[in-house]
Each structure stands twice: as C-alpha cells, then as structure tokens.
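First residue of the first sequence: 1, per the UniProt record's numbering; consecutive thereafter.
Please note that a few of the clues may not be correct.
Derived lysine to aspartate or glutamate pairs resembling DMTMM-like cross-links, with alpha carbons at most 20 angstroms apart [as the list claims (entries may be wrong)]:
{"id": "1", "residue 1": "427", "residue 2": "226"}
{"id": "2", "residue 1": "427", "residue 2": "228"}
{"id": "3", "residue 1": "301", "residue 2": "630"}
{"id": "4", "residue 1": "597", "residue 2": "508"}
{"id": "5", "residue 1": "597", "residue 2": "646"}
{"id": "6", "residue 1": "76", "residue 2": "53"}
{"id": "7", "residue 1": "597", "residue 2": "562"}
{"id": "8", "residue 1": "76", "residue 2": "95"}
{"id": "9", "residue 1": "427", "residue 2": "456"}
{"id": "10", "residue 1": "427", "residue 2": "231"}
Label pairs and their in silico Cβ distance ranges [stated by the list, open to error]:
{"id": "11", "residue 1": "277", "residue 2": "236", "range": "29 to 37 angstroms"}
{"id": "12", "residue 1": "507", "residue 2": "541", "range": "21 to 29 angstroms"}
{"id": "13", "residue 1": "581", "residue 2": "477", "range": "32 to 40 angstroms"}
{"id": "14", "residue 1": "343", "residue 2": "473", "range": "47 to 55 angstroms"}
{"id": "15", "residue 1": "95", "residue 2": "562", "range": "31 to 39 angstroms"}
{"id": "16", "residue 1": "562", "residue 2": "507", "range": "36 to 44 angstroms"}
{"id": "17", "residue 1": "142", "residue 2": "95", "range": "19 to 27 angstroms"}
{"id": "18", "residue 1": "764", "residue 2": "446", "range": "22 to 30 angstroms"}
{"id": "19", "residue 1": "665", "residue 2": "737", "range": "35 to 43 angstroms"}
Read the hints as simulated data drawn from the structure, not as lab findings. We put the beta carbon where it would ideally sit given N, CA and C, even for glycine.
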Amino acid sequence: MELIITEKDNAARRIADILSGESATATRENGVNVYEWGGKRCVGLSGHVVGVDFPSEYADWRDVEPVELVDASIEKTPTKENIVATLRILSRQAERVTIATDYDREGELIGKEAYEIVRDVNEDVPIDRVRFSSITKNEVQRAFDEPDEIDFDLAAAGEARQIIDLVWGAALTRFLSLSAGQLGNDFISVGRVQSPTLKLIVDREREIQAFDPDDYWELFADLTKDDEPFEAQYFYLDEDDNEAERVWDEAAATEAYETLASASRATVTEVKGRTRTDSPPTPFNTTQFIRAAGAIGFSAKRAMSIAEDLYTDGFITYPRTDNTVYPDDLEPEDLLDSFVGHPELGESAQSLLESEDDLVPTEGDEETTDHPPIYPTGEIPTRGSDVNEDEWRVYELVVRRYYATVAEPAIWEHLKVVADANGCSLKANGKRLVDPGYHEVYPYFSTSENYVPAVDEGEKLAVSDVELEAKQTQPPRRYGQSRLIETMEDLGIGTKSTRHNTLEKLYDRGYIENDPPRPTQLAMAVVDAAEQYADQVVSEEMTAQLEADMDAIATGEATLEDVTDESREMLEAVFEQLEASREEIGDHLRKSLKADKQLGPCPECGESLLVRRSRYGSYFVGCDGYPDCEFTLQLPSTGKPLILEETCDEHDLHEVKMLAGRQTFVHGCPLCRAEEAGEGPILGTCPECGDDEGGELAIKTLQSGSRLVGCTRYPDCEYSLPLPRRGEIEVTDETCDEHDLPELVIHNGDEPWELGCPICNYREFQAREAESGSDLEAIDGIGAKTVEKLAAAGIESIDDLTEADPESVADSVDGISADRIRTWQTAT
DNA sequence: GCAAGGTC
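Given the sequences, and given the hints that come with them, work out the whole structure.
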C-alpha cells in the first residue's frame with residue numbers, strides 16, 4: 001500500500017481525484033478523511049499536527065523566573081491527536097510514503113513532522129517528497145512522476161523560527177505580565193510579529209499627537225467657456241520652480257484674492273492634452289484581496305473568513321497565497337465560458353470572450369510556488385442559497401477581479417489648461433474616460449471624470465466666483481486594517497496566513513480599539529518598554545535577520561544550533577537590562593492599564609472615574625477613590641464599553657460607546673445619561689429603602705431604550721424591576737394588595753397585556769426562569785456561563801440567536817467563535 | 001495561561 005500525505009483535507013481529496021481519475025472513495029478514520037483507490041491511500045493533515053512547547057515543569061508562571069525559559073529545553077508534542085493517530089495506523093501498513101505538503105518553507109516543516117511520525121512506526125518504508133504549486137492535473141502528474149526528497153535543511157530553517165519565536169515571545173511575555181501583576185486572562189504579550197505591528201500603530205499615533213498644524217490658504221475661481229463654467233485653482237511657482245497651490249502667508253493669499261477678484265477675464269497661456277493608459281489590476285494574492293474587500297466594507301477578518309468558506313465549498317481557489325501570477329495551464333477562454341449565460345456574471349464574461357485580441361492575463365511582481373493567485377474555479381454558487389449576500393459580494397469581487405486581469409486597459413484623456421488673470425495663474429486639470437476597458441467588468445474603482453472644455457491658447461475666458469479658502473495641514477491618518485496588512489507585507493512581517501490574525505490578536509489583547517485601530521495607553525507603554533529594553537522585539541529587523549538566518553540554514557551555511565544559540569545569547573543580554581528595571585517597567589504598565597479605563601474626574605470627590613467590572617461580569621463606572629468614595633454610574637447591560645476620545649463639555653468625562661456587534665451604539669457621557677434617565681410616573685414606595693431613606697419607585701427609560709421600574713435614589717439605591725422594551729405602559733387604578741403598587745397594562749399590538757403589579761410580575765418571571773432556564777440552554781454546548789456571555793451581546797433567546805450575524809457576535813463576545821455560533825444556529 | 005505558523 002502506498003500512502004500520500006498532504007497539508008490539508010481539501011488537497012488530499014483533489015489529489016486523490018486527479019491520480020485516481022475520480023475513482024477514489026472516501027472513508028473516515030478517527031474523524032479524518034482517507035481517500036483510497038487501487039492500492040493507494042491519501043490523507044490530509046491540518047497544517048501543523050505537532051507543536052513546540054516547554055516541558056511541564058516550566059508551566060507555572062510564578063514558579064519560574066522568565067529568564068529561565070531562555071535556556072529551557074523545548075519539546076514537540078502532538079496537537080492534533082486524532083490525525084497523528086490515524087497517520088500512525090496508515091504508516092504501519094504503508095510500503096511507500098509520499099509527502100505532498102504545500103510547496104513552501106512551512107510546508108517543508110509540516111512534511112518533516114509527518115516524516116517523523118511515519119518513521120517512528122515504520123523504520124524502513126521509503127519516504128519521498130513531491131512539490132507542485134497548483135493542484136492541476138499536469139502539475140500533479142509531473143510532480144508524482146519525478147519524486148524528490150524532503151529538504152531537511154529547509155525544514156530546520158522553519159524549526160529555528162519556531163524556537164526563536166517561542167523563546168522570545170514566552171520569556172518576554174511572562175516578564176512583562178509578572179512585572180505588572182497581570183496574570184490570568186489579561187497577560188501582556190509581545191512577539192516578533194505582533195510587536196512590530198503594534199509599533200507601526202503606536203508610532204503613527206505619536207506622530208498624530210505631536211502634530212502641530214500650519215495654516216494655509218487656497219484660492220479657486222470659475223472660468224467660463226461657451227456659458228459652461230469649470231473650476232480652476234490658483235498656483236504659483238515655488239523656489240524650486242514647482243507649481244504650488246498652498247499659500248502659506250495670509251497677506252499673500254489676500255493679495256492674490258484681491259487681484260483675482262478684480263479680474264474679469266483670464267487669458268489661456270497653456271493647453272496640454274495627453275492620453276494615459278490605465279492598466280488593469282494584477283491577480284489577487286491574499287493581501288490585495290483583503291485590500292479590495294476592505295474597499296467595499298469588509299474587515300480583514302471577515303473577508304478572510306468568507307474567502308475560506310468559498311474555498312472550502314469549491315467556488316474559489318485557496319485564499320492564502322503570495323502569488324500574483326496565474327499558472328500556465330489556466331485557460332482564460334475555458335474559465336470565462338463557465339460564466340456565460342449567468343444572469344449577473346454572464347454578460348461581462350461574454351464581452352471578454354468577444355474581444356478581438358487574445359486574452360492575456362496581467363501578472364504581478366510576486367511569483368511564488370505556494371499556491372496560485374485567488375480566482376474563481378468556475379463552479380458558481382447560487383445567490384441566496386449556497387451563499388448569503390455578503391458571501392456573494394465577496395465571490396463577485398473575486399470573479400470580477402479575474403475578469404479585470406484578462407480585460408483591456410482603460411484609456412483616459414487628460415487636459416491641463418493654464419490661464420493668466422492680472423498676473424495670477426489659474427489651472428484646471430480635466431480628465432475623461434474615453435475607453436472604459438477593464439472598468440466595464442470591474443466596477444470597484446472610481447472612474448469619475450472632471451470636465452474641462454477644449455480651449456485655445458490666447459483665448460479669453462470670463463472669471464467669476466473667486467474663493468479664498470483658509471485651511472490647515474492635517475495630521476497623518478491612522479492606518480486602516482488593510483493598509484496595515486499591506487505594510488506588514490512590505491516589511492516582511494507575518495505571513496499571508498497570519499497577518500489578519502495578528503490584527504485580531506492586538507484587538508483581543510487590549511492593545512488596539514476601534515476601526516481604524518487606535519492604540520490604548522497599555523499599547524503605548526508596552527512599545528515604550530520594549531523600545532527601551534528589548535528593541536529587537538518591536539523592530540521589523542528581527543524578522544529580516546531571522547529570514548537571513550533561515551536562508552543560511554536552508555543553504556547549509558549555518559545550522560539550526562548556530563542560529564538559535566546566537567539568538568538566545570541576545571535574549572540573555574536583553575534580560576540583564578530588563579531585570580534591573582523590573583519595578584519601573586511594572587509601574588509604567590500598571591499606570592497605563594488604569595489610564596485606559598479612566599473617564600475623567602469624579603463629581604463627588606475629584607478622583608478618577610473608571611470603567612469597572614462587577615463580580616457578575618457587568619460593566620459600571622466607579623470611582624478610583626473607592627472605598628472612600630462610593631460614587632457609581634450605570635452602563636447599559638448590552639455590549640462591551642469602549643471609551644471614546646470625545647469628552648463631555650459639561651462633566652469633562654469621556655463618552656462611552658457600547659460594542660455589541662450590530663447593536664453597537666454610542667451611550668455618550670454616562671453622567672449626562674444618568675441625569676437624563678427619563679423618570680416617568682411615581683408608582684409607590686421603594687421596598688428596599690423607602691422606609692429608611694424615602695426612596696420611591698418610578699418608571700424609567702434608559703438611554704439604551706430599555707425600561708425599568710427603579711428607585712428615585714439611584715445610584716444610591718439600585719433596586720429595579722424589568723419592563724418590556726416595546727409598547728405603551730398604562731398605569732391603572734387597580735392596586736396590588738401585597739405590594740401596594742398599581743397594576744400595569746402594556747399596549748402593543750391588538751391584545752393589551754395585563755402585566756399587573758411589577759413586583760408580582762417579576763417574581764413570576766423569576767419562577768418561570770428557574771423552572772426552565774433560558775431557552776438557549778436547550779442547545780447542545782450552551783451552558784449558564786455562555787448564556788450570560790450571549791446576553792451581554794444582546795442575545796437572550798433562540799430567536800435572537802438565529803437572527804444574529806455570527807461574525808459580529810463573535811467580535812463582541814470573548815471566547816466564542818463565529819463557527820461555534822454557526823453550529824448552534826444550524827442546531828436550532 | 002506565553003509566540004507564530006499551519007488549518008477549520
């Protein structure tokens with residue numbers, strides 16, 4: 001029996017199909033697909049099936065000095081037990097083994113991991129390695145016709161990376177976390193990829209904070225030809241004889257304005273027309289795909305998640321790729337043919353096929369062996385059933401990008417007109433799209449035109465509507481998610497498969513907030529500390545050096561030991577500096593952690609108000625002076641609070657936004673909200689503090705729209721009873737004998753709901769809850785804890801769950817993945 | 001419980 005091992009199940013299935021001529025049959029072993037035909041078996045791994053870690057005696061953070069990790073031994077242990085077990089069983093029975101993992105460095109390492117598992121149970125079996133960069137018939141056949149061997153040097157290069165990343169990451173993460181007393185879930189992490197990425201964001205924020213705006217002025221005027229006005233802008237020649245539009249001196253600007261305003265005509269001094277070719281875009285690699293999806297509103301995470309689904313379902317090729325050159329055997333005519341006749345995608349495909357020229361696809365600069373660029377397979381999903389609206393939009397983007405890469409260039413005509421008005425120069429730049437070319441099949445780029453009429457030199461044009469605009473230079477803009485991912489790629493940090501995850505990690509760790517991401521005080525402090533004591537870990541040069549070292553290992557010029565020993569020595573040196581400043585670093589980190597929670601001054605004692613979390617997990621605002629000052633404010637129960645930059649003029653407190661997926665809303669200043677908390681009719685005495693303090697119960701409407709019966713002495717007394725969100729509340733004359741409160745009726749729809757006494761109603765509600773629990777608990781895998789978490793995201797019932805968007809819920813709830821939510825949704 | 005890299 002011959003065994004073929006691939007990097008993933010999908011590849012195993014396709015290779016089995018190709019080699020067997022579609023005759024392979026699938027069976028399952030330990031939950032792993034095994035494809036079988038004529039004496040051959042093919043099985044897919046799931047990327048790395050073993051991982052590196054320290055021995056268990058290093059597991060307790062408090063028992064081990066972080067520096068001890070530098071020279072600790074490192075073990076490899078199976079992380080996907082079922083796959084490893086299956087591989088062992090299959091290997092025992094194999095007479096020949098072929099490793100067919102991806103054709104890149106990490107694929108070589110994954111292949112070597114498989115090799116070791118095979119060797120462990122079968123000492124003698126021959127083990128080959130095949131390499132192909134796209135799973136097409138010709139490529140795969142060719143690869144299996146000329147098998148090669150595993151490149152152990154290349155795999156060792158990957159192992160060096162694993163070791164260096166683990167040692168630096170774990171030792172420094174533990175050091176910072178321990179020095180700030182942040183153990184458990186809120187540890188402070190650093191790493192070779194995440195920290196330089198964070199530094200990009202922090203550096204930009206520092207520029208923004210240090211930015212000092214300059215005043216300048218710009219002048220505009222309308223010129224008219226044949227009764228058609230067009231806009232022109234004033235310019236002058238600067239000291240380098242370049243055309244400049246910004247006037248930095250107010251007196252000069254005013255003078256130019258007066259000169260222009262007094263001119264009734266301008267004489268055309270220059271007319272320059274030129275034709276520009278606008279080349280179609282290159283094929284999608286992961287980064288360019290994320291960028292294009294970002295331009296139509298998808299976050300990096302969401303775009304990749306959808307692309308992965310489209311890939312798994314067979315609609316597009318593998319979405320994690322660096323390659324921007326299509327494989328030779330991809331025939332544009334064949335692929336386009338599969339779209340002809342489709343109601344939405346057919347017309348463009350038809351028009352491309354009718355082109356008189358041969359279809360020659362564009363090529364990007366990056367030609368790699370990992371996978372082909374991202375393009376549609378020709379299998380078309382049905383909109384609304386196979387894919388939802390978002391998935392369709394992403395799919396259509398991939399299809400149209402493919403169309404664009406085989407389409408004609410667009411042609412623009414540019415026309416520049418310069419005119420002189422009383423010695424002041426005015427210019428207008430016109431552009432017209434004369435041949436839309438690829439834009440016709442790829443409507444995602446702007447094709448807006450700017451009208452400037454044809455004029456002749458010496459022609460006189462009327463001048464009107466002169467305007468002087470006072471402006472200020474702007475600070476640089478924050479990086480958007482896709483710009484960050486592009487910059488990471490340019491700097492060589494992270495990989496096509498991990499860059500978008502790195503951003504998610506920064507969000508999860510409390511380093512960045514909002515979109516475009518903004519660094520927290522904690523992030524600024526972590527980068528500060530790292531720059532001062534462990535500059536390597538926040539510098540992209542660590543990756544550049546590692547890449548060079550890995551190349552040296554791969555070519556045999558260095559060994560894994562050479563490289564990791566040297567790296568460990570550097571880290572030892574870093575620790576000498578760090579240890580000496582442990583206290584100082586810890587203080588700085590702790591202060592920043594607190595600063596991230598600060599809203600502003602407490603109205604009662606002047607200390608800082610902080611966003612805090614109650615024992616039950618709900619958020620509220622409390623005073624840093626606690627227990628001396630017991631001032632508190634409520635926050636809405638839905639979502640996770642984000643402190644905004646904006647502050648309230650009246651109370652000098654930061655405004656708060658509640659992040660809850662699609663139910664996200666701005667709560668504003670919590671003190672304003674408390675003051676406004678709509679107080680409706682008084683119902684009676686507060687059962688909790690009425691006798692002692694004179695509190696009364698009133699119907700209140702909160703900013704979030706939810707309503708309740710609460711004490712008028714709130715926040716000193718937190719007694720409250722829930723009320724339904726919708727419907728008009730009628731306070732009747734009937735009174736509850738037991739609680740001496742009026743009975744309530746809710747008018748919503750046809751049938752009024754006799755809610756009765758709010759205390760009795762709440763008691764009944766609690767009794768029902770106790771009996772049945774939340775209906776969500778009926779779903780497999782949802783327990784009381786999860787119910788609580790989901791409730792914070794506004795999901796309180798099965799109905800809420802089925803309607804929810806898994807991605808946005810996963811965004812707002814810690815520790816619940818979109819996939820888990822999808823599983824529950826299908827289970828209902 | 002630490003990293004980054006695969007994959008789902």
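Results for each hint:
1. 427 <-> 226: Roughly 18 angstroms between the alpha carbons, so the hint for residue 427 and residue 226 holds.
2. 427 <-> 228: Holds, at about 16 angstroms.
3. 301 <-> 630: violated (41 angstroms)
4. 597 <-> 508: holds (16 angstroms)
5. 597 <-> 646: holds (14 angstroms)
6. 76 <-> 53: holds (7 angstroms)
7. 597 <-> 562: violated (45 angstroms)
8. 76 <-> 95: violated (26 angstroms)
9. 427 <-> 456: Status holds; Cα separation ~14 angstroms.
10. 427 <-> 231: holds (9 angstroms)
11. 277 <-> 236: 29 to 37 angstroms: holds (32 angstroms)
12. 507 <-> 541: 21 to 29 angstroms: holds (25 angstroms)
13. 581 <-> 477: 32 to 40 angstroms: Given range 32 to 40 angstroms: holds, Cβ gap about 34 angstroms.
14. 343 <-> 473: 47 to 55 angstroms: holds (50 angstroms)
15. 95 <-> 562: 31 to 39 angstroms: holds (38 angstroms)
16. 562 <-> 507: 36 to 44 angstroms: holds (37 angstroms)
17. 142 <-> 95: 19 to 27 angstroms: holds (23 angstroms)
18. 764 <-> 446: 22 to 30 angstroms: violated (60 angstroms)
19. 665 <-> 737: 35 to 43 angstroms: holds (40 angstroms)
Violated hints, listed in ascending order, are 3, 7, 8, 18; each of the other numbered hints is respected by the structure.
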